[in-house]
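Read in our numbering, the sequence shown has 80 at position 79, and its numbers run on one by one without any break.
Any given hint might turn out to be false.
[Stated by the list, open to error] Pairs of lysine-lysine, BS3-like flavour, derived with a Cα cap of 30 Å:
1. K107 / K120
2. K34 / K44
3. K34 / K99
The hints are simulated quantities; they were obtained by calculation from the structure and are not laboratory data.
Computed from a prediction, not measured in an experiment: that's the story for all the values here.
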Amino acid sequence: MEQRENFVLKDDDEEFRLKKKTRGQGIRLQSLKDFTYLFPYMKNHRLGYSVCGALFLLGVFLAVYFPLAIKNLIDHGLSAEKNFHYYFSLFALVCVAKSAIDFAQKILFTAIGEKILLKLRQDMMAILGRFPMKFFDQ
């Protein structure tokens, strides 16, 4: 695509047209309508999405707490040697917990996405299987 100031050159297979770029319009209603066909596939995975959401919130909490754990380690752990092990253990626990939560969230979200994609492919193949052979000769 070739861009000139606030115009975009679009290829419509047969002709070239200049269309004015739209900025700041946000999400179009049509794009949301196009997305609604996925809802039946996502409906069966509500629990998984809820767990992913909870893991996300917990991960955000730990990401916010991470600098506080470093502050406590520096302020309190380095000033007194008897507290160093406690604050270092707390810091290490936050690091390990954040990593484990991020890993679990990514694995769960990927597994759910793969299941939905598999179901979409199966439905598409079932629909294509009903077409006559002449359709594929074209």
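Evaluation of the provided hints:
1. K107 / K120: Within the cut-off at roughly 20 Å; holds.
2. K34 / K44: It holds: about 17 Å lies between the C-alpha atoms, which stays within 30 Å.
3. K34 / K99: Cα-Cα ~36 Å, so violated.
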